[in-house]
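Modelling step: build the complete structure from the supplied sequences, incorporating the hints.
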Amino acid sequence: MSALVKLNGVSKSFIRGKEELRVLTDIDLSIEEGDFFALMGPSGSGKTTLLNLIGGLDTTTAGYVQVGDTRLDELSSKALAKWRSEHVGFVFQFYNLLPVLTAQRNVELPLLLTKLSRSQRKSNAATALKVVGLEDRADHRPGELSGGQQQRVAIARAFVADPEILVCDEPTGDLDRDTADEILGLLELLNRDHGKTIIMVTHDPKAADHASHVLHLDKGRLVDQVSA
Amino acid sequence: MSRLGLMWSGLFRRRVRTCLTVFSIMIAFLLFGLLRSIADVFSVGVDIAGADRLMVAPKYSIIDPIPYRYISEIRAVDGVEAVTHANWFGGTYQDPRNFFPRYPVTPREYFDLYPELRMPAEQLDAFDNTRTGAVASVALAEKYGWAIGDKIPIEADIWPKKGGDRLWVFDLVGLYSVAENASAQDVFLLNYAYFDEARQFGEGEVGNFIVRVTDPNLAAEVSRAIDALFENSMAPTRTATEAEMQREMFNQAGRIGLVMTAILGAVFFTIVLLTGNTIAQSLRERIPEFAVLKTLGFTNGGVASLVLGEAVLLCLVGGALGLGVAALLTPWVAGTVENILPGIELGWTIVATGLGVAMLLGLAIGVLPALSANRLQIVDALRARG
Numbered sequence: 076m077s078a079l080v081k082l083n084g085v086s087k088s089f090i091r092g093k094e095e096l097r098v099l100t101d102i103d104l105s106i107e108e109g110d111f112f113a114l115m116g117p118s119g120s121g122k123t124t125l126l127n128l129i130g131g132l133d134t135t136t137a138g139y140v141q142v143g144d145t146r147l148d149e150l151s152s153k154a155l156a157k158w159r160s161e162h163v164g165f166v167f168q169f170y171n172l173l174p175v176l177t178a179q180r181n182v183e184l185p186l187l188l189t190k191l192s193r194s195q196r197k198s199n200a201a202t203a204l205k206v207v208g209l210e211d212r213a214d215h216r217p218g219e220l221s222g223g224q225q226q227r228v229a230i231a232r233a234f235v236a237d238p239e240i241l242v243c244d245e246p247t248g249d250l251d252r253d254t255a256d257e258i259l260g261l262l263e264l265l266n267r268d269h270g271k272t273i274i275m276v277t278h279d280p281k282a283a284d285h286a287s288h289v290l291h292l293d294k295g296r297l298v299d300q301v302s303a
Numbered sequence: 046m047s048r049l050g051l052m053w054s055g056l057f058r059r060r061v062r063t064c065l066t067v068f069s070i071m072i073a074f075l076l077f078g079l080l081r082s083i084a085d086v087f088s089v090g091v092d093i094a095g096a097d098r099l100m101v102a103p104k105y106s107i108i109d110p111i112p113y114r115y116i117s118e119i120r121a122v123d124g125v126e127a128v129t130h131a132n133w134f135g136g137t138y139q140d141p142r143n144f145f146p147r148y149p150v151t152p153r154e155y156f157d158l159y160p161e162l163r164m165p166a167e168q169l170d171a172f173d174n175t176r177t178g179a180v181a182s183v184a185l186a187e188k189y190g191w192a193i194g195d196k197i198p199i200e201a202d203i204w205p206k207k208g209g210d211r212l213w214v215f216d217l218v219g220l221y222s223v224a225e226n227a228s229a230q231d232v233f234l235l236n237y238a239y240f241d242e243a244r245q246f247g248e249g250e251v252g253n254f255i256v257r258v259t260d261p262n263l264a265a266e267v268s269r270a271i272d273a274l275f276e277n278s279m280a281p282t283r284t285a286t287e288a289e290m291q292r293e294m295f296n297q298a299g300r301i302g303l304v305m306t307a308i309l310g311a312v313f314f315t316i317v318l319l320t321g322n323t324i325a326q327s328l329r330e331r332i333p334e335f336a337v338l339k340t341l342g343f344t345n346g347g348v349a350s351l352v353l354g355e356a357v358l359l360c361l362v363g364g365a366l367g368l369g370v371a372a373l374l375t376p377w378v379a380g381t382v383e384n385i386l387p388g389i390e391l392g393w394t395i396v397a398t399g400l401g402v403a404m405l406l407g408l409a410i411g412v413l414p415a416l417s418a419n420r421l422q423i424v425d426a427l428r429a430r431g
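Those protein sequences? They're chains Y and E, same order as listed. As numbered in my numbering, residues 76 to 303 make up the first sequence, in order. As numbered in my numbering, residues 46 to 431 make up the second sequence, in order.
Be aware that a few hints might be false.
Straight-line alpha carbon distances no greater than 20 Å define the calculated DMTMM-like cross-link-like pairs of lysine to aspartate or glutamate that follow [claimed, not checked]:
1) E/K104 - E/E118
2) Y/K153 - E/D425
3) Y/K81 - Y/D103
4) Y/K190 - Y/E161
5) E/K104 - E/E287
6) Y/K93 - E/D425
Treat the hints as calculated values from the structure; they're not laboratory data. Remember, it's a predicted structure, so these values are computed and weren't measured experimentally.
Right, here's the structure in full:
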């Protein structure tokens, strides 16, 4: 297996007023294609920041992130946006669906950036909804769906454009245990059967149990790595 | 779903607010359509060619008189077929709200010049032979419940009788109808001979002449010839088509075009402020949504163009609705004021200008929110929601 995601000496600081706040310090990490990584750690340890760097939502202060052959720090803002649309799917704790769009249209959103025809976009979105078991809810708006259903729609949106990587920020943080298990099962399925590399931030040890690797972060540094 | 569909959906995030915003823009463009239609009537140039009926009016002001004796000189101009005259009588019938034009005329001449006014020959004879005679349109008679033989009292405001009496009483001796498709007014016509003899002042003067030319192609030439006759007199004239003259007379009551432009300016300024505020508020509420779009791979410019597109779409929808309603109402407005201001119509130029203005309005309103969306940092916006 080759390293799909490589972090080399990554540090990240934020400037707050006159103060420099160091969130990540000298992170080296390799994530293989097809891995299911869980990032754990206390609040403020830098998990989400690390996830944002891997997903190309933020830039490093030092070091670099490389995904496949692409160094993200070398991409322009426009190129980075294009790269995200082709290579990464995002799942958030609070789903972040567009409330005015139906489930079908929310899932179709990333496909607007592709060259697919309207009917192909519609067909692909329908297939993605079928994979997450929500084909009968395609015409419902987020407000008409439960939290678990909204997260399934968000997952469908994340993989509909067939990215290699899914980055998930506390995907079960807003759900009850049973629903959380369903969502984690779905992520496992995408990892196992569809070969998606998943990087998931979680506070929940039970959620982390679904991952093949668990990383612990503390005060911006990697503490240890556990393989399942 | 397309990007247009995405913009359209974004507009309906707050359905009531969007509907109210569209409604306010619609009202603005309804006013735009109606007022531009009216203002355009004042802005069109004098097109005298092809008109067979001309009006000879005082050159400087509609209240200046013209000597009646001009009539013979005008008759002698080459290309003039017939001439008559009229005055503005003014006055009040029972109540100042009962407004209708009253013209002292020479009966046979006048009806000859206006063949679209049709009246039985015996009634025209009666009008011609009765000093205190008057005739009205059938519509006027129906409106005020008049019948032939009635006495119609008019209280003068401009023209008292000799001796100071302001009450003129006319005998209604005829009712005329107006030919279909003719743009004639519902006028109360009285006998000039009686009026001229009985009035306290202004004897031998008229308000204007109406001229019929032998050939409409000679209209411009005849106009110039008539005006040249009196150019250096005490009462110079200005000759134009009836429609043009009516526009000018109306416009003299005030700078209509200027007033309308000022009203439109105020309306649009208010709409820009209100709509701009609404769209800015909508944008603030949707910052996390824009961050999500950027997360999915929409570029900064792509998200900014969606925001700008929404503002333009909102204004175009409101503008198109407003112009559509204006198109429906304009024929009614035109019909209502046909007598005093003919030629009102909502042309394609106004519609195209309106849509262009709507687009510019949308761009003006959307540019700042679009720039904000362009600068939006994904991580900051998502953190604000989380």
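Hint-by-hint comparison with the structure:
{"no.": "1", "hint": "E/K104 - E/E118", "result": "17 Å, holds"}
{"no.": "2", "hint": "Y/K153 - E/D425", "result": "18 Å, holds"}
{"no.": "3", "hint": "Y/K81 - Y/D103", "result": "8 Å, holds"}
{"no.": "4", "hint": "Y/K190 - Y/E161", "result": "12 Å, holds"}
{"no.": "5", "hint": "E/K104 - E/E287", "result": "14 Å, holds"}
{"no.": "6", "hint": "Y/K93 - E/D425", "result": "18 Å, holds"}
Comparing the model with each earlier hint shows no violations; every hint is respected.
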